[in-house]
Structures are given as structure tokens and as C-alpha cells.
Amino acid sequence: KQEVTQIPAALSVPEGENLVLNCSFTDSAIYNLQWFRQDPGKGLTSLLLIQSSQREQTSGRLNASLDKSSGRSTLYIAASQPGDSATYLCAVYTGANSKLTFGKGITLSVRP
Amino acid sequence: GAGVSQSPRYKVAKRGQDVALRCDPISGHVSLFWYQQALGQGPEFLTYFQNEAQLDKSGLPSDRFFAERPEGSVSTLKIQRTQQEDSAVYLCASSPDRYNEQFFGPGTRLTVL
Chain A
108 KQEVTQIPAA
118 LSVPEGENLV
128 LNCSFTDSAI
138 YNLQWFRQDP
148 GKGLTSLLLI
158 QSSQREQTSG
168 RLNASLDKSS
178 GRSTLYIAAS
188 QPGDSATYLC
198 AVYTGANSKL
208 TFGKGITLSV
218 RP
Chain B
351 GAGVSQSPRY
361 KVAKRGQDVA
371 LRCDPISGHV
381 SLFWYQQALG
391 QGPEFLTYFQ
401 NEAQLDKSGL
411 PSDRFFAERP
421 EGSVSTLKIQ
431 RTQQEDSAVY
441 LCASSPDRYN
451 EQFFGPGTRL
461 TVL
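So the sequence lines, in the order shown, correspond to chains A and B.
Here my numbering runs 107 ahead of the position in the first sequence, where the first position is 1.
Here my numbering runs 350 ahead of the position in the second sequence, where the first position is 1.
Since the hints were derived computationally from the structure, they do not count as laboratory data.
It is possible that some hints are incorrect.
To be verified - BS3-like, lysine-lysine: derived pairs with alpha carbons at most 27 Å apart:
hint	chain 1	residue 1	chain 2	residue 2
1	A	K175	A	K211
2	B	K361	B	K428
3	B	K407	A	K108
4	B	K364	A	K108
5	A	K108	A	K211
6	B	K407	B	K364
7	B	K407	A	K149
8	B	K407	B	K361
9	A	K211	B	K428
10	A	K108	B	K361
11	B	K407	A	K211
12	B	K407	B	K428
13	B	K428	B	K364
14	A	K175	B	K364
15	A	K149	A	K211
16	A	K175	A	K108
17	A	K149	B	K364
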């Protein structure tokens, strides 16, 4: 059974800091991995999708990497801003079934 | 363009009532997913449709939960005889196909009293 872990559960950093959010998964036979952002009381906003054949994806200040063999992904946020404060979730899709398996998320707070 | 929409955004039900939650996916998206998110947790898969066919309902927690997508676009998640443990946010997502990026709606927050 696929399990996705995100540690720590919460993180607080000063504005301007570069930071890395970690995600690990137990079954390396994934089809893709997706990073999402969730603001309080809102749905999920897709940030980046990495296919299993890819090593990384970039969008603006965000860079996500994937090491499938070790079961890890990282989301790098450059020059963090207070507007980046949210919960960040990673999810993996194995393809063998139909679902995304999610971690519990990391709640990020960027202090002005 | 329009994203995934869900209605109602909030629903309060008395225990034992039936509820129906609606999802309007992105136009043309073949795949539609329902997830349940408890407070402080990541979303948990409920069911998956490819067009009008429900191909996976392994995540539905009991036979009180029923989902349909009769014309391959709008989907409805129905919960019969609601119980307090059904209180959660119900998220709908759609995708061009199941191997592609999933786009989520804002969710319906269900509170069962």
C-alpha cells in the first residue's frame, strides 16, 4: 500500500528565505507526482506535475525534483514571501489504481 | 477558462438526512474523481469516473455513499442517512485523462449535527 509522508507538519520562516519541502513515498512504482497548495478553507491548486521519467519541473520561484528510486521529492521555494503561506501537499499516482495518494501536508508560514 | 466548480460550498445536515453534492468538471475532461478530506489530513480517494462509467469505487466508506455521472459531465455524490463521521470537505477533481494533472474544485464542507 502506497504511503506518502511529509515532515515536518509545520514550518515557519522569515520572508526572503529559500526553503525546501520534503515528500517521501513507499512504493517507487509511481506514474507521476503532483505538488499542490491549499489555502485555508479552499480547494487544492496544482503547482507542479512531475512525470516518472522526469527529474524536475520548474514554475517561477518553484522547483520540484523527483528521485523515484529513493522514493523522494522536494519542492524548492526561492525567496519566500508572506503570500506563500499555505499548506503544501504532495500526491503520487501509481497508475495501477485510479487514485492520487496524498501526504498530510506541510503548513508553511512566511513571516514578514 | 472555467475551472472545476462544486455546489453547495457549505452544507449542514442533521444526522440521518440525505445530502447530494454536485461537481461540474472542466469541459471536455474525461476523468472525474471524488475525494474526502478530514480536518488536518490529506484528501482520501473515494471514487473515479471515466466519462459516465464508474471504474473505481473502492474508496467509498460504506454503502450509504453513492456517486453518479450519467452523461459523462456533471457528477453527484450522494450520502444517505448521514452520520457525524461523514463531516468533512468533499473535493472533486477532473483531468483530461487519468494519467494527467488533476484539477480540483473548491470543495463542499459538510457538517453533520
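Exercise. Looking at the structure, which of the earlier hints fail to hold?
Worked result: Numbers 4, 10, 14, in rising order.
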